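Read top to bottom, the protein sequences are chains A and B. Its first residue numbered 1, the first sequence is counted upward by one per residue in this note's numbering. Its first residue numbered 1, the second sequence is counted upward by one per residue in this note's numbering.
Be careful, since some hints might not be right.
Residues from chain A that face chain B, not an exhaustive set, calculated with beta carbons under 8 Å [as the list claims (entries may be wrong)]:
1) VAL9
2) ILE11
3) ARG13
4) VAL73
5) LEU108
6) GLU112
7) ASN115
8) ILE117
9) ILE121
10) ASN144
Non-contacting residues of chain A with respect to chain B, defined by C-beta distances greater than 12 Å in every case (computed) [to be verified]:
11) THR8
12) ASP20
13) LYS28
14) THR37
15) ALA43
16) MET61
17) PRO90
18) GLY96
19) GLY107
20) GLY113
21) VAL114
22) ARG129
23) GLY136
24) ARG139
25) GLU150
Result set (DSS-like, lysine-lysine): computed pairs, CA atoms no more than 30 Å apart in a straight line [claimed, not checked]:
26) A:LYS39 - A:LYS28
27) B:LYS115 - A:LYS39
28) A:LYS28 - B:LYS143
29) A:LYS39 - B:LYS10
30) A:LYS27 - A:LYS39
The hints are simulated quantities; they were obtained by calculation from the structure and are not laboratory data. A quick note: this is a predicted structure, and the numbers were derived from the prediction, not measured. C-beta atoms are modelled at their ideal positions from N, C-alpha and C, and glycine is treated no differently.
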Amino acid sequence: MNTIEKETVNIRRMGRRDIDAVLAIDKKISGGQGLITYKDMVAADPGGALDLSFVAEVEGMVVGFILARLTYVSVPFIELATIQAVVVHPNYQRRGIATRLVNALLGLCHAEGVNAIRAVIDEHNADVRRFFQRLGFRRSELVNYVRTFES
Amino acid sequence: MTPIERRETKVRIRPMEPEDIDSVLAIDRKITGVRRAVTYTDLITGDLGGVLDLSFVAEVNGQVAGFILARRVYVGEPVTEVGLIQILGVDPDYWRQGIATRLAKALLETCRAKKLGAVRIMVNERNSQLRGLFEHLGFTRGKLIDYTKTL
């Protein structure tokens, strides 16, 4: 059964035509509000020169996605892939789809000669930390500093 | 007037233009001594293209001596527009003259004027000098950490 389920999941590069499906899954998982906006997706430019995003399909329907892009950061310039989100529809979780999405990105980075993949995550989210650790990601010394403005 | 004050008066902060990319890359080369594969076209058509409204250069006697590169990202719930500093670099010949601070201040003022919610940067937690710079500018430690996988 597991084998059949695995075979029916198709991982492919994200395109502009996937934007609505991506936003629908995001809405579903976040209880209606949605954390990703249409503006985000236009900025992400799925299928564009710097986009490294993938979707997971089951029977032609998008059930999960990874949003990632190529970035140049810091001096010296380091070329790396940054993961912005890994999301799987609740009905399709616990089938290894998120892992397959990350692995698809890792494969693409390997093929394109991008040697570092970065995920910036909430330090209090133990599940997400474990997920990335299991895939060979290690905590770096980078932390975020933020300056907020009173609105 | 001390020599430092005299030098500081010659620093001009202005918005980054696409034509500045060569100077930006020259500073990167000067800091690292490495000629990179990152090309002008990559930078213009890619990550930096069209997003220069949050990026600035510092000119000393008409020469670019430093730069700050930032772009808009959308985070959180409700979705907030945030300025993310990707790169801050100053020509080693012009270190210790307050140029990085002035670049960061220009970005902060712009983000505040454009009604962005916050400005963020990822900093190496061991880099006390850089942390000190941003703490001085009112930044505080956020809750984000970085997980990286190197291929």
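Holds or violated: LYS39 of chain A to LYS10 of chain B, with C-alpha atoms at most 30 Å apart: violated (40 Å)
Non-interface claim for VAL114 of chain A, where every Cβ of chain B lies beyond 12 Å: The claim is violated: VAL114 of chain A sits with its nearest Cβ about 8 Å from chain B, within 12 Å.
Pair hint outcome, LYS39 of chain A versus LYS28 of chain A [Cα-Cα no greater than 30 Å]: Holds, at roughly 18 Å.
ASN144 of chain A as an interface hint toward chain B, with CB separation required under 8 Å: Hint holds; ASN144 of chain A Cβ to chain B Cβ min 4 Å, cut 8 Å.
Interface exclusion of THR37 of chain A relative to chain B, criterion Cβ beyond 12 Å: violated (5 Å)
Status of GLU150 of chain A, Cβ more than 12 Å from any chain B Cβ: violated (9 Å)
Separation of LYS28 of chain A from chain B, once the least beta-carbon distance is taken, above 12 Å: holds (15 Å)
Exclusion check [GLY96 of chain A not at the chain B interface, CB over 12 Å]: It holds; GLY96 of chain A is separated from chain B by about 18 Å at its closest Cβ, greater than 12 Å.
PRO90 of chain A non-interfacial with respect to chain B [C-beta, more than 12 Å]: The assertion about PRO90 of chain A holds, with a minimum of 18 Å to chain B.
ARG129 of chain A remote from chain B - nearest C-beta pair above 12 Å: Incorrect as stated: the minimum Cβ-Cβ distance to chain B is 7 Å, not above 12 Å.
12 Å cut-off, C-beta based - GLY136 of chain A kept clear of every residue in chain B: Since the minimum Cβ distance to chain B is about 5 Å, GLY136 of chain A lies within 12 Å and the statement is violated.
Hinted contact ARG13 of chain A with chain B - closest CB pair below 8 Å: violated (17 Å)
In this structure, the earlier hints numbered 1, 2, 3, 5, 6, 14, 15, 19, 20, 21, 22, 23, 24, 25 and 29 are contradicted, and the remaining ones agree with it.
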